[in-house]
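Using the sequences and the hints, build the whole thing.
In order, the protein sequences belong to chains A and B. One rule links them: number in the working numbering = place in the first sequence (from 1) + 4. One rule links them: number in the working numbering = place in the second sequence (from 1) + 1045.
What the hints contain is simulated information worked out from the structure, not anything from laboratory work. Predicted, not measured: the structure shown is a model, and the values here were computed from it. Ideal placement from N, C-alpha and C gives every residue a C-beta, glycine not left out. Heads up, some of the hints might be wrong.
Below, a sample of chain A positions facing chain B; criterion: calculated Cβ distance under 8 angstroms [stated by the list, open to error]:
{"#": "1", "residue": "I12"}
{"#": "2", "residue": "K13"}
{"#": "3", "residue": "V19"}
{"#": "4", "residue": "V21"}
{"#": "5", "residue": "Y26"}
{"#": "6", "residue": "I28"}
{"#": "7", "residue": "E55"}
{"#": "8", "residue": "K56"}
{"#": "9", "residue": "S64"}
{"#": "10", "residue": "R67"}
{"#": "11", "residue": "L138"}
{"#": "12", "residue": "G142"}
This is what each chain is made of:
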Amino acid sequence: MTNKKIGIKIFKYVVVVLILAYTIALLIMTGGSNKPFKEVTKGVESVVDQEKLNKVETQSLKRYYGLNGSDYDGVTLYISTTSMSAEELLLIKAKSEEQVAAIRDAIEERRDTRRQDFEGYAPDEVDLIDSSILQVRGKYVFFVVSKEAAKYKEAFTSSL
Amino acid sequence: MLFSSITFLFIFLPITLVLYYIVPDKFRNYILLITSLFFYAWGEPVYIVLMILSILFNYACGLDIGNHADDPVMAKRGIISAVVVNLAILGFFKYYGFLIGSINAILPFDIPYRELSLPIGISFYTFQAMSYVIDVYRKKVQPQKSLISFAVYVSMFPQLIAGPIVRYADIEKQLRNRSIGINKFGDGIFFFIRGLAKKVILANTVGAIYTTISGLDFGTYSVLTAWIGCAAYTFQIYFDFGGYSDMAIGLGKMFGFEFLKNFDYPYTALSITDFWRRWHISLSTWFREYVYIPLGGNRKGKRRTMINIMIVWGLTGLWHGAAWNFLAWGLYYGIFLLLEKFVYGRYIEKLPKVLRHIYTLVLVMVGWVFFSSASLADAVRYIGIMFGIGAKGLIDSQALYYFGTNWLLFIVCAIASTSFGMYLLNRVLYNSKNGVGRREIACIVYVLMFLLSLTFLITATYNPFLYFRF
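And the structure:
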């Protein structure tokens, strides 16, 4: 066997190893979980500042995001206790990939609307919206606008 | 990025076409590859790496198998490893969550697992790559020495996310050398606009009816409402999928490629066998070439043929999505194909055409319920209502409302899903006496069709992508 032929064989095996490594990295960094929604919500809620954020009914998802709360496996929505703040937190467990895509679109739209709402008179809130975190882990979609967004995100990922 | 999006139509496509046509011939594959990777990364920034690794792996496999063309044992090892790795990637990303979820459903405890989202288009590009390595092994094609050409074959954006599944053998020469010209380009634009109109004007509009009806509570359906919902989905899936295929074929032509047709008026079929000769032709061809025939096809006796058909249709179902309803949908067709082949096929051929159409359409529509439902249980319940079981009467005011407000749309869809729709269009575009095309009229008609599609695209909020699970 020539060196070139051996080289191709080695290259093939190297790519298989890379695929394996990449898949493991994906599982660690982007994988969702089959943990019950209640359990994940509990993990997130343990760090939520209840003075700033107020838990609202699932039906409110329609009002704020244009989505039907009953379509999903679970919905937790926190909205700021004051209308002068853009802070909010959303956690949804979708049933399918299609739903995940639709939720992402709704969140992007909500983010644009909120930016327009605060533009011109509350630059700090606009900055907060611009630094919001949207994360999709499997069928879990997490969105947070908060000064403590990083802390909430950490709570979400560790509760998966 | 969707073909039916403003970003694609007014930014991505024009820039790609300009770049493609201003560079010398030898750089066109580079442009196509770079833009295709960008197109995929737009929607799947994480999974672009997986696709690139898949390309590298299959490229190396092709060369490796080609290197052992005169050593059957080594070549066989090469093809087995190629197929196993491809199926392992597809199996893991598409089916592992379904598998563990199904096991968890019967166990008294849950096996914890990390769920990954499904990479868009993985079934399409994996099947394309597999067709390449298998054909290299079968010595039907030569291994592709150019990594760029091979990467273009796998990742080409026109057919990347919703097909058709292009076999390497059909496109090998075009990857090296393809003709481009004003007529072919114009033909491509016409194909694309027809596809866009099918998707945006017809599929999205009729799909909105289905979405409304499918959102109703089960207890509120009358038989007629259930059938109207089912008919709406029947048209939506055809115009959506067929529209995407037309857009892919049209885009291919704009870049000098010729893809085979993927749909051939499937709702005019006279039997289920005929339907599957006309629906998603590239997938049926793939399964016939790479699964059914290698399993022995119909050459090993009646019993084995029946088993082979059920295996192929079970796999066809699962290819469309990792869920029990998709498996049921595939097996449902397997059963009717067997019945037509071995039990009553010759009898239905003697029936009047109208009865054969009704027979086929009813079975196809019932089949779409398995396909479109959220679960197998929902599908069974919905089908029950279509036949009166658990229905709120035969006809109610709700059904009459849906019928009264949408009957014209259904008639337009029915005409457009037959060759009569194309015949009407051609009557306008071609002189019926000498067959010469009326260029000016064609331009006006297609510009109007495009503008109308844009209007729908801008004003309507419903523009779904149905192939997340494929």
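Given V19/A as an interface hint, is its Cβ closer than 8 angstroms to any Cβ of chain B?
Because about 4 angstroms separates V19/A from the closest Cβ in chain B, which is inside the 8 angstroms limit, the hint holds.
Double-check L138/A for me: the hint is only fine if its C-beta lies closer than 8 angstroms to a C-beta in chain B.
Result: violated, 13 angstroms to nearest chain B Cβ.
Would the hint on S64/A be counted as holding, given a Cβ-Cβ threshold of 8 angstroms to chain B?
With Cβ-Cβ at 19 angstroms, over 8 angstroms, it is violated.
At a threshold of 8 angstroms, is the proposed contact between G142/A and chain B supported by beta-carbon distances?
3 angstroms, holds
Per-residue hint verdict: E55/A, partner chain B, C-beta under 8 angstroms:
Not OK, violated: E55/A not within 8 angstroms of chain B, min 34 angstroms.
Evaluation of the interface hint that places K13/A against chain B, nearest CB under 8 angstroms:
OK, holds: K13/A within 8 angstroms of chain B, min 6 angstroms.
Status of the hint placing Y26/A at chain B (closest C-beta pair under 8 angstroms)
6 angstroms, holds
Against chain B, run the beta carbon of R67/A and see if the smallest gap drops under 8 angstroms.
17 angstroms, violated
Grab the minimum C-beta distance from I12/A to chain B and call the hint holds if it beats 8 angstroms, violated otherwise.
Because about 5 angstroms separates I12/A from the closest Cβ in chain B, which is inside the 8 angstroms limit, the hint holds.
Please verify that hint: I28/A, Cβ, nearest Cβ of chain B, below 8 angstroms or not.
Constraint on I28/A not satisfied, violated at 10 angstroms.
Is the interface hint satisfied for V21/A? The criterion is a beta-carbon contact with chain B at less than 8 angstroms.
10 angstroms, violated
Please verify that hint: K56/A, Cβ, nearest Cβ of chain B, below 8 angstroms or not.
Constraint on K56/A not satisfied, violated at 31 angstroms.
The earlier numbered hints that this structure contradicts are 4, 6, 7, 8, 9, 10 and 11.
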